[in-house]
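Protein chains in written order, with our numbering: chain L, 1069 to 1969; chain S, 133 to 568.
These aren't lab readings, by the way, just hints derived from the structure by calculation.
There's no promise every hint is true.
Said to hold, decoys possible - The calculated DSSO-like cross-link candidates involving lysine-lysine, where the alpha carbons are at most 27 Å apart (straight line), are:
no.: 1; chain 1: S; residue 1: 338; chain 2: S; residue 2: 205
no.: 2; chain 1: S; residue 1: 338; chain 2: S; residue 2: 319
no.: 3; chain 1: S; residue 1: 556; chain 2: L; residue 2: 1201
no.: 4; chain 1: S; residue 1: 338; chain 2: L; residue 2: 1503
no.: 5; chain 1: L; residue 1: 1198; chain 2: S; residue 2: 501
no.: 6; chain 1: S; residue 1: 501; chain 2: S; residue 2: 560
no.: 7; chain 1: S; residue 1: 338; chain 2: S; residue 2: 171
no.: 8; chain 1: L; residue 1: 1476; chain 2: S; residue 2: 171
no.: 9; chain 1: L; residue 1: 1131; chain 2: S; residue 2: 370
no.: 10; chain 1: S; residue 1: 166; chain 2: L; residue 2: 1478
no.: 11; chain 1: L; residue 1: 1788; chain 2: L; residue 2: 1827
no.: 12; chain 1: L; residue 1: 1476; chain 2: S; residue 2: 338
no.: 13; chain 1: S; residue 1: 501; chain 2: L; residue 2: 1201
no.: 14; chain 1: S; residue 1: 163; chain 2: S; residue 2: 267
no.: 15; chain 1: L; residue 1: 1131; chain 2: S; residue 2: 539
no.: 16; chain 1: S; residue 1: 326; chain 2: S; residue 2: 267
no.: 17; chain 1: L; residue 1: 1503; chain 2: S; residue 2: 319
no.: 18; chain 1: S; residue 1: 556; chain 2: L; residue 2: 1198
no.: 19; chain 1: S; residue 1: 560; chain 2: S; residue 2: 539
no.: 20; chain 1: L; residue 1: 1112; chain 2: S; residue 2: 338
no.: 21; chain 1: S; residue 1: 171; chain 2: S; residue 2: 205
no.: 22; chain 1: S; residue 1: 560; chain 2: L; residue 2: 1198
no.: 23; chain 1: S; residue 1: 326; chain 2: L; residue 2: 1158
no.: 24; chain 1: L; residue 1: 1909; chain 2: L; residue 2: 1955
no.: 25; chain 1: L; residue 1: 1158; chain 2: S; residue 2: 182
no.: 26; chain 1: L; residue 1: 1726; chain 2: L; residue 2: 1379
no.: 27; chain 1: S; residue 1: 326; chain 2: L; residue 2: 1128
Computed from a prediction, not measured in an experiment: that's the story for all the values here.
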Amino acid sequence: MSNTSTMVTLTIDGIRTEVPEGTLVIEAARQVGIMVPHFCYHPKLEPDANCRMCLVEIEKIPKLQTSCSTRVAEGMVVRSSVPHVESARKSVLELLLGNHPLDCPVCDQGGRCDLQDFSHEYTPTVSRFKELKRVFPKQYLGPVIETQMNRCVSCMRCVRYCDEVMDAQALAAEGRGTITQITHWAGNELECDMCGGCIQICPVGAITSRLSMYDYRPWMLKRTETICSYCGDGCQITVQRKDDQLIEVNSALGAGRNNGDLCVRGYFGYHAAEHPDRVQQPLVRQADGSFAEVTWEEALDRVARQFTRIKATHGSDAIGGLITTRCTNEDLYLFQKFMRVVIGTNQIDSGARYGHINGVRALRRVQGTHRWTIRYEDLAQADAIMLVGTNVNESNPITALHVKQAVKRKGAQLVTLESLLPVRSTVSNITTLSKHHLEVKSGQFSAAILGLVKAVVESNLVQEDVAREAPEFVQTIRTNVAKVSWDAIREQSGLSQTDVETAARTYSQAERAVVLVGREVLRSLGGEGLVTNLMDLQILTGHLRRSGSGLGCLAEGSNDQGAVEMGAVAEYFPGPAGLHDEESQKTLTRTWGQAVPAGAPATLPEVLTRARTGDIKSLFIVGDNPVESLPGDAGVTEALDALEFLVCQDLFLTETAKRAHVVFPACSAMEKDGTFTNTEGHVQSVRQATEPLGESRPDWEMFSALSVLMDHPIEYNEVKEIFKEIRGVIPGYGLLGPASTPPKVDEKTVAQYVTSGFKEDVDQRYTLDASPAAPEGALTLRLVQSLYHSGKYSTRAKGLMEIEGEGRLHVNAREAGRLGIEEGQTVRLANDGGQATVSVKLNDRVPDAVAWFPEHFDEPVRALFSLKVDPHTHVPVWKTAHVTVTKWSSTNRSIEERSRV
Amino acid sequence: MKTFEKILLTNMERPEYTGSLADYEGTGGYKALKTVLGKTPPNDLIEMVKKSGLRGRGGAGFPTGVKWGFIPKDHPGPKYLCCNADESEPGTFKDRQLMERDPHQILEGIAISCYAIGAQTAYIYIRGEFRLAAKILERAIAEAYRAGHLGADIHGSGVTVNVSVHAGAGAYICGEETALLESLEGKRGKPRTKPPFPATHGLYQKPTVVNNVETLANVPHIVNRGADWFASIGVPPKSTGTRVFCLSGHVKRPGNYELPVNATFRDLIFELGGGMRSDKPLKAFIPGGASAPFLTPDHVDVQMDFESVAMAGSMSGSGGITVMEEGTSMVWAALRLMEFFYHESCGKCTPCREGSSWIVQILQRIMNKQGRPDDLRTLTEICENIGGRTVCAFGDAEIAPVQSTLKYWRNEYEALIEEAEALKGSRKEIPVLSLA
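Take these sequences, add in the hints, and give me the full structure.
Next up, the structure:
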């Protein structure tokens, strides 16, 4: 809404108020403290005015009006509590209660139910309804979502949410009149995004979660507001527990950057934290190779002594450290401080190396800030949004919601460059909302992005002032792209000149345009260069400096962004500041009371190589799991086995932790305080929601304890003190609270870039590398992010495992037909690396000649992949392979399973 | 009864008339279309229809010209005309005959109306059960396209009108104009909240006029013979022209009768309909389809125009007159209609959805001699809480049979309840406590 909207004065129950034109009467009333009771109205949804509960009297209108659908008008006089309004309300309640079962004592909604609350307020205690109540036969909707249709008040909020907000259209009303019930299409088992939105938005207990059904009464629950740790979106969640048992996670309307919306991982994934496999005691490896549970004192002492010994014998650089980006800023900061100050090495890296670092480096280089210059609100206001290799609905589902809203509500033009087909199903697919969907061949984003720049340059879409101010920049790019033919681009990316030009025009000519870049670009070879090229595109079209326009790299880990900012990556000190940045060296020396180490840094692949070669004798791995995050030929196990001493600090005994000499039990994000920095750059409070499981402790406490034992005490009383120190090192870090203003583009950096900076690698960036052709008859196998999982952590969440419990090979129906395979059958995948037997699932959004496999279950197929390391940024790239597929058995397992049941 | 001239049924009442294009053209059909298309400014047509006093024949009786006038003139995108042929009102069967026997009369009306409002596309939303009518319409549309009466650049006028037939799937509510639009868009047929009205946000959120079949069939005649001629028939200025009344029930000759609207119910029932089917006297009649409150023999001399019927406490609605003789149980009649409304309530609004099921259950109990003394008060109150509290007029319609029978024949209800009270002692039942 524009700021200049006209105000309208009206009177509600004698209170005069002024609200913007177009406001709904029910909202105007809310603003003056009058809650008009309602069921079907919800601020996220278009008014439907079906429950008739919010009727009010409006002067000069003969009939009572629904305040949820009536907009304010100048001089309007509204009465919400006159007798005939109250009697209308009572009547609606009486009618609703007529068919409503009296199962409040066992209903999960009891105690927080709108029908209960309004009944308590408005109806007599005796019912006149003495007829038969409507009873629905029970329907099974699915493993995690349950419907209790007898309780339904037909407000259709769930159906509307599923359509208007999620764009899934997985729920529908079936039947007519009082026998209307909510089902999936044709009564099938629910197949959808499983966001839990229908449960959250139901005003009664008609749709509930099967994970906690009948387990609690709402008033028994203790609530904690914290941040979800499953992806970089950083959603605010309310964790609810009964005693120490996790009962439910939801999110209040308007809360956090997600505005109360959640995805399947946030809503149903909370059980991972209390999985029985959690490591609950410090473990020390015995002579026979087994682990023994020991006390903290013993474990810490052992580690401190070993680190001290190795440091003394082989020097500081014989020790390296790796940390996961699921850690809080405080943990990350303290880890790098521990490694730099106590150990004295710069050989540290984190999960940001898996791809996020590519984006950060490119942003820093071109625009001077490593953060987004836009925020979610800008997405909503954008005229055009371009998604490049994001698969945003799967990787960052809440960012996807903002995109959906921009398209559906504000009519933003969506351009998608994605390797998926725009097929509609009851699982939302962002590309079906596209105005221009460019189906990029898997892994060929380099050619696609080059095509975009070529189209902008050659279709006269370059802004005049850019051409004037930076003629050499424009000219160099022009010369470079001229060398690449459209045929070559089409050959590699599969995109035609016309399509690319149309998309480029839509993006260029939009007043406010946002580009979101995802893992397909960030996790590819030359990813930094690709993002830089997209930044060039922004410069050429004038979007870089325009307010409301910008480029964002989607962070996959909950604290990818924080890991970089805390200096928990090889190339940066906290800030992030370069390792040779004198200002930063000074600040850190002052704060830490000690000079920063001068040794060379080491990225994740370098750390592993040095371990293999024996240069690194000991590794401190916090939460990271390189054995399972890299393919077999990466030599991780060899590297770890070559170590003298390996310390792991983790929630679970992962394949990496199993090789450790000492394992420290760490807390999950639910069990500690701290902050996460989300993909937009918002620093948000993580709050302890449950007691640490067993003897597990927050990560930072272990670093602190070790430092004391190693005679280099870095001590804090509480986690807030670490944050205070971070703010000292990075001035103004983390303005907690509502959306802060995003940083601005640094003009000096941009000027430097367009005059000379770009020259460094522009020729390499604008050439097409010949991509290795797939062997004849081979299928491109890709490890992909599933909507229902996040890393390996989520495979410990029972709710998510109910939804997707195993990895299956996703191919589209055409491909399956070509291969002669059917859903549920088993196939054998093979290439030089090895072979694997997996079952098949049909998925029509998978492109032709491609098969997807969820990376969360990659164990059986990991041998098929081989590692390539980006020569420049050291990002490990390995998620694509070429395989031959042969039918292994024709037994249709799903049919078998069904017959067993 | 005075002599009068039929307008809509004249052609089809000739035995040799088949409704083919040749037959229709032979009686001067499509002359009006050729006269106005590209020649008369659209606005003049709208003014002409306004002046004729033509009112919607679907039930609400909204002035047609005024409705057309609401369509924004300068709207850049497409506009639509929807012909409401979802005739489902119990006791109403006029549109069916008009469509089956003289389809071109309707198509010509549609083409002229499209031109008047600037629509290039018209949809005939036809009741799913009207398979024959749909077939006939489709055949007629094909004929009209071939003859150049429909399609692009009609008779060189530069005007384009495309007409398609879309069959409903059996829901009464889809006769409600906004539910019709939802259904036409492929969604679940549920009424929309108004405003915005279809005139600005109709089909696919574009300006749309929804007119009844009979309304549109009148348009060519108004063009041919002038607004003044039409306005002189009936009860000018408010209710003009003729209507095709559908007579059913306990009469000797049920059927469709076209009469000027100033004719009385007595003219229809006793003269054209031949009076009661047996020697039993008239007890009650519904004057305008199932949604109209019952009237009594005291009302037979009421004129059948919109205002007069409204004055008598009912509505002339869709023009379906259902006659009941002495001996008919009015509680049964109310129950029968209520069952229909319960079955057809779309379920969107709480009062209509829940109220109709509750009312049906009470009426069933009363009929089964299990009524309770406070039932009548409950019935009255439920009805009061449905009327005017719903998105569409269905809520007002469904309470009409109950309210009007309670008004005129309350004694029949009371008698059944008294019987139930008397039987109470002899029945072994779990007692139901009552509030009082």
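Query - List of violated hint numbers, smallest to largest - result: As far as the earlier hints go, 8, 10, 11, 16, 19, 25 are violated by this structure, in ascending order.
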